[in-house]
Amino acid sequence: SRPHKLPWKATDEERAIVCVLRQATGFPLDDLTFIVTHFLPHLNRDAVYRILKAEGLGRLPPAQQRQRRSGTFKDYDLGFIHMDIKHLPKLQTANGERRKRYLYVAIDRCSRWVHLAVKDDELATSAVAFLKEAVRAFPFKVTHVLTDRGSCFTADAFEDACRQLKLEHRKTKPYTPQTNGLVERFNGRVQREVLGITIYSHRDLETLLKGFNQAYNRRR
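Per full-length UniProt numbering, the sequence shown starts with residue 1, numbered consecutively.
Take these hints with a grain of salt, some might be off.
Using 20 Å as the maximum straight-line C-alpha spacing, the simulated EDC-like pairs for lysine to aspartate or glutamate come out as follows [said to hold, decoys possible]:
1) 173 x 159
2) 171 x 156
3) 90 x 121
Computed beta-carbon distance windows for the label pairs [stated by the list, open to error]:
4) 125 x 174: 31 to 37 Å
5) 173 x 140: 37 to 43 Å
6) 166 x 96: 33 to 39 Å
7) 156 x 78: 26 to 32 Å
8) 87 x 173: 37 to 43 Å
Hints listed in this document are in silico derivations from the structure and should not be mistaken for laboratory results. On a predicted model such as this, the values are computed, not experimentally measured, just so you know. All C-beta atoms, glycine included, are put in the ideal place defined by N, C-alpha and C.
When you get a sec, could you build the whole thing from the sequences and use the hints?
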C-alpha cells in the first residue's frame, strides 16, 4: 500500500533552502537537483520539482532570463566582484536564544563564482573580514569590488581594506539597485521566500550554505 508520508515531503527549512537556491542560481531543475542533493541527499529530482511547483517557482521568471542574456558586463574580466548583505531570519543558538544574523554575499561578475559567509552583524569590522575572506576564497585575483552605499561599505575601515588589498572600490548610485543586480537577484527572493519561514539552527544553516557554496562553484 502507499506510504502515509510521501518521500518528497520536506521540512519548512528544506523547502526554504530549495526556494533560495532556485532564485540564487537560476538553474533549471536538473542542475538545481545536483546542488540540493549535495547536502540534502534524501531530496531527489521529483522532490525538488514538487517543492518548486508548490511554492510557485516551477518556472524561472522571464526578467531573470532576460538579465542573463543582456551581456551588460561582457567587457569585464575575472576579478570584478559584487558584494551585498542579506538579513537572515532569527535563528536559534546553542543556548536556545533566538537572534538575527546576516548573510554576506560576493559574486564575480564574469564567472559568477560565489563566496558566502554568515556574520553576527553588518558593521564595518564584519564587512572587512568578509572582504578579506572572499579575496582569499576566489580562485583568481580580485581587482574590483562593487557595493551599495551602506554604512559598513562607506566606512573608513572598509575603504582602507580595499586600498591595502589593492582593490578598486566602486559604489552604486543612490536609488539604482539594479546596478548591483547580481547580488540583488540573489537576495530578492530570500526576503520573500525565507524570512517568513522558521529555520531553527544557526549551525544547520551554515552547513547548508557551505554545501551550497561548494556545489554551486563546481558548476562554474
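Cross-check of the supplied hints:
At roughly 17 Å between alpha-carbon atoms, residue 173 and residue 159 fall within 20 Å of each other, so this suggested pair holds. The suggested pairing of residue 171 with residue 156 holds, with an alpha-carbon distance near 14 Å, which does not exceed 20 Å. Of the supplied pair hints, the one linking residue 90 and residue 121 holds, its CA atoms being roughly 12 Å apart against a limit of 20 Å. Between residue 125 and residue 174 the CB atoms are about 25 Å apart, so this pair departs from the stated range of 31 to 37 Å.
The hint said 37 to 43 Å for the Cβ distance between residue 173 and residue 140, and at roughly 27 Å that hint is violated. At about 44 Å, the CB distance of residue 166 to residue 96 disagrees with the hint of 33 to 39 Å. Taken as a hint, the range 26 to 32 Å holds for the pair residue 156 and residue 78, whose Cβ atoms sit roughly 28 Å apart. Range check, residue 87 to residue 173: Cβ separation about 23 Å, and the 37 to 43 Å hint is violated.
Of the numbered hints stated above, those contradicted by the structure are hints 4, 5, 6 and 8, listed in ascending order.
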